[in-house]
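Protein sequence lines, in the order shown, are assigned to chains A and B.
Counting in the numbering used here, the first sequence runs from 20 upward without gaps.
Counting in the numbering used here, the second sequence runs from 254 upward without gaps.
Keep in mind that the hints were calculated from the coordinates and are not lab data.
Think of the CB as a built atom: it goes at the ideal place given N, C-alpha and C, for glycine as much as any other residue.
It is possible that part of the hints are untrue.
[Unchecked claim] For lysine-lysine, the following DSS-like pairs were computed, each having C-alpha atoms within a straight-line distance of at most 30 Å: (1) 57/A to 332/B; (2) 156/A to 180/A; (3) 295/B to 45/A; (4) 387/B to 203/A; (5) 57/A to 45/A; (6) 80/A to 387/B.
[Unchecked claim] Some, not all, of what chain A presents toward chain B, calculated at C-beta under 7 Å: (7) 59; (8) 61; (9) 160; (10) 162.
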Amino acid sequence: METMKIKLYVLIFMTLFVSCSKEEDKELYFIGDSLIEKWDLQRCFPSYITHNNGVPGSGIKYIQSKAGAYKNCSVIVLTGTNDVSAFKNDLETYSDKIVTAIYELRASHVYIISIFPRLKNENNINESIKLLNELIKKKSTSAGMIYVDVYDDLSNDCCLKSEFTMDGVHINMQGYEIVTNKIKKVLR
Amino acid sequence: MKNLHCLIILLPLLFVSPQVIKGQIYFGMRDNNYAYCGLTIKNKFNVSIEHSLYSEKMSYQKIRLYVGYQQNLGDFNLKVSPYISSVWNGMYKDYGSMIDCSYNIFDFAVGDITFNPHHDSGFGTDFNYMVGIKCKVYKDLWITSHYSCIPEFRSSEKRVRLGILISVGQLSIEPCLSIATEGKTIVRSFCSFKYNFIK
Numbered sequence: 020m021e022t023m024k025i026k027l028y029v030l031i032f033m034t035l036f037v038s039c040s041k042e043e044d045k046e047l048y049f050i051g052d053s054l055i056e057k058w059d060l061q062r063c064f065p066s067y068i069t070h071n072n073g074v075p076g077s078g079i080k081y082i083q084s085k086a087g088a089y090k091n092c093s094v095i096v097l098t099g100t101n102d103v104s105a106f107k108n109d110l111e112t113y114s115d116k117i118v119t120a121i122y123e124l125r126a127s128h129v130y131i132i133s134i135f136p137r138l139k140n141e142n143n144i145n146e147s148i149k150l151l152n153e154l155i156k157k158k159s160t161s162a163g164m165i166y167v168d169v170y171d172d173l174s175n176d177c178c179l180k181s182e183f184t185m186d187g188v189h190i191n192m193q194g195y196e197i198v199t200n201k202i203k204k205v206l207r
Numbered sequence: 254m255k256n257l258h259c260l261i262i263l264l265p266l267l268f269v270s271p272q273v274i275k276g277q278i279y280f281g282m283r284d285n286n287y288a289y290c291g292l293t294i295k296n297k298f299n300v301s302i303e304h305s306l307y308s309e310k311m312s313y314q315k316i317r318l319y320v321g322y323q324q325n326l327g328d329f330n331l332k333v334s335p336y337i338s339s340v341w342n343g344m345y346k347d348y349g350s351m352i353d354c355s356y357n358i359f360d361f362a363v364g365d366i367t368f369n370p371h372h373d374s375g376f377g378t379d380f381n382y383m384v385g386i387k388c389k390v391y392k393d394l395w396i397t398s399h400y401s402c403i404p405e406f407r408s409s410e411k412r413v414r415l416g417i418l419i420s421v422g423q424l425s426i427e428p429c430l431s432i433a434t435e436g437k438t439i440v441r442s443f444c445s446f447k448y449n450f451i452k
């Protein structure tokens with residue numbers, strides 16, 4: 020009886036192990052600024068092959084410099100926070116530039132993450148970020164990209180929730196988990 | 254075809270006799286992310302199953318089977334554990350072996366080196382290793398220090414792992430910090446434990 024039980028368990032395990040459906044291996048390229056660079060991608064996406072191409076302090080010029088570099092890849096982009104102050108008075112043009120630069124990466128699947136709010140709303144920076152996010156969302160979705168909105172998840176009424184940050188700009192592991200879960204819901 | 258290979262490898266388990274249950278059963282968790290249980294027979298042979306605890310859907314969880322052999326030669330210990338693993342949705346598979354050699358340098362210090370030839374269906378073949386030492390500080394309290402490129406998740410990274418190992422009866426607990434030594438300086442905190450159920 021005992022032998023039968025053990026063999027039955029082993030058989031169930033083997034059946035599950037070998038009958039699993041075959042899904043294609045997924046490779047993800049993350050591109051953007053320090054918010055990408057500080058992301059522990061292996062921990063957050065343990066089943067995927069991930070590439071962290073985040074460059075601290077980078078902005079639109081970095082994305083533009085990568086034109087054509089991600090042909091047929093799945094790319095996740097998070098950029099804009101370093102440029103938003105400089106383009107504060109011309110967000111319409113900046114959003115055009117950013118969506119064009121991302122389109123020029125020539126990736127097969129593009130996921131754009133909304134720019135995170137800041138802890139301190141100096142010079143109404145968060146209003147500018149919110150407006151820029153709206154513009155990027157409108158333009159990117161009409162260009163067939165997937166927009167991942169995490170702004171409201173990370174903010175209270177106006178600013179970045181203090182439990183998600185140490186320095187007011189970069190988010191901690193808890194914040195990254197929220198962003199990760201949002202992305203996993205839309206990954207294909 | 255790959256599924257057939259898995260079946261062939263796992264087939265001998267069908268002939269497991271209930272007598273082997275008389276060995277030492279253990280369970281535990283490795284690096285927060287992998288729960289395991291296993292059986293050691295006559296202090297030599299070892300079979301264990303490890304399952305991931307990623308914050309992912311079940312289809313993206315990984316299951317790994319180890320079949321091992323260990324030998325104690327005085328102060329020198331050798332353990333060889335081939336393994337095969339797969340994500341439940343079949344997205345990728347890997348296989349390889351952990352070849353662990355440890356040596357009791359003094360009563361209070363153990364040096365160890367692990368070789369890990371590893372093949373991942375997405376990354377290809379890597380030859381990883383871990384080298385380190387653990388020193389007894391007080392009774393059952395040890396400090397551990399390792400340099401490793403054995404994957405903590407899927408791809409190989411060069412990291413320093415610093416931790417403490419506490420043994421209380423049949424339970425051992427090892428909290429540690431894993432610090433990347435190149436590229437992005439990402440620090441991970443892990444905790445592992447192991448409990449020997451039957452002695």
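**Q.** When the least beta-carbon distance from residue 162/A to chain B is tested against 7 Å, hint result
**A.** Hint violated; residue 162/A Cβ to chain B Cβ min 29 Å, cut 7 Å.
**Q.** Given hint residue 332/B paired with residue 57/A - CA-CA distance at most 30 Å
**A.** 37 Å, violated
(Q) Hint check: residue 387/B vs residue 203/A, CA-CA at most 30 Å. Holds or violated? (A) Violated, at about 39 Å.
Q. Hint check: is the beta carbon of residue 160/A less than 7 Å from a beta carbon of chain B?
A. Cβ of residue 160/A sits 25 Å from chain B, so the hint is violated.
Q) Has the given pair, residue 295/B with residue 45/A, been kept, meaning a C-alpha gap of at most 30 Å? A) 42 Å, violated
Q. Regarding the pair residue 156/A and residue 180/A, is the alpha-carbon distance no greater than 30 Å?
A. 22 Å, holds
Q | Straight-line alpha-carbon gap residue 57/A to residue 45/A, limit 30 Å | A | Holds - the C-alpha atoms of residue 45/A and residue 57/A are around 21 Å apart, at most 30 Å.
(Q) Checking hints one by one. Is residue 61/A an interface residue toward chain B, by the C-beta closer than 7 Å rule? (A) 4 Å, holds
Q.
Hint check: residue 80/A vs residue 387/B, CA-CA at most 30 Å. Holds or violated?
A. Distance of about 48 Å is beyond 30 Å: violated.
Q | Restraint outcome when residue 59/A is required to lie within 7 Å of chain B by C-beta distance | A | 5 Å, holds
Against the hints set out earlier in the document, violations occur for numbers 1, 3, 4, 6, 9, 10.
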